[in-house]
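**Q** Sequence:
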Amino acid sequence: MKAAGLIADWRAHLTDARRRSPHTVRAYVSAAQRLIRARNLASWEEVARIEAQDLRAHLASRRAEGLANTSAARELSALKALIAFARAESGDPDPAAPRLRGPRLKKGLPRPVTPDDAVNIADLIDGTAAEDWIGARDRAVLLLMYGSGLRIAEALSLQGRDVPLGETLMVTGKGGKQRVVPILPITQEAVAEYSSQCPYPVAPDEPLFRGAKGGPLASGMVQKAMAKARRALGLPDTATPHALRHSFATHLLSAGADLRSLQELLGHASLGSTQIYTKVDAASLLETYRGAHPRAAKKG
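The sequence shown runs 137 to 436 under this note's numbering.
By construction, these hints were calculated from the structure, which means they are not laboratory data. Any given hint could be a false lead.
[What the hints assert, rightly or not] Derived DSS-like pairs (lysine-lysine); straight-line CA-CA distance at most 25 Å: (1) K349 / K360; (2) K364 / K349; (3) K364 / K310.
Please read all numbers here as calculations on a predicted model, not as lab measurements.
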């Protein structure tokens, strides 16, 4: 079997057997292509023989190309899944992946989750969940929080009547206050993917997001999934589900959104609650200035 055949089998497994999201399939297939081509692998038996030291060397070469820590951790998860699949295909009675810990980030000041980190978290959760529909569910919830600035309770309050999602969504927040939030295409796709996989029928007046036994999804389960992904990606403890909402606000402000518009999108009762994000953005701006200006580090 040639490399193209391996890639085709892997893509089919992710798409048909595991029913991963299109975004996750693209990421996992790309990671597999890089490893298979770099090592000239031509059979599942050869892929199955990849060990921890081989993965470490491969990721070191990727890091030398400029791959960030979080992206390297995500690629490691994809390659572990590939090798476990290869070992199963080769008849290994215990097809476990090589044991190798991902890179860790140096601890620093709390900061918003970056756009890449947000998507990496969502995709890692999708790719490593115990059941495919649960991974799709958690990915959809997190993308609602990051892409639309929802509180976790607001995301979990969605009902069957809210799908399929359009370009905007009416959300009821604290104090019964309603607001309209934008819905990104990636979020629309994620919610649609979850809806198609959910094993429980969702009536218009029933919760959209369900727990493993069919009841309403508890916020603690989303927090648990986020914590697992956070550790795998080497992110700080501040990378919580609520941090995704903070990141939504900070990134919009950095892109030029005015405070009044941001206040409406977040559902804040007062402008004072929104103004905290100007401080976060100023801190980010100062950090960028200090790193880029040729005289910023000089005294006197």
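**Q** State for each hint whether it applies.
**A** Right, here's what the structure says about each hint:
no.: 1; hint: K349 / K360; in the structure: holds, 17 Å
no.: 2; hint: K364 / K349; in the structure: holds, 21 Å
no.: 3; hint: K364 / K310; in the structure: violated, 28 Å
Of the numbered hints given earlier, the model fails hint 3 alone.
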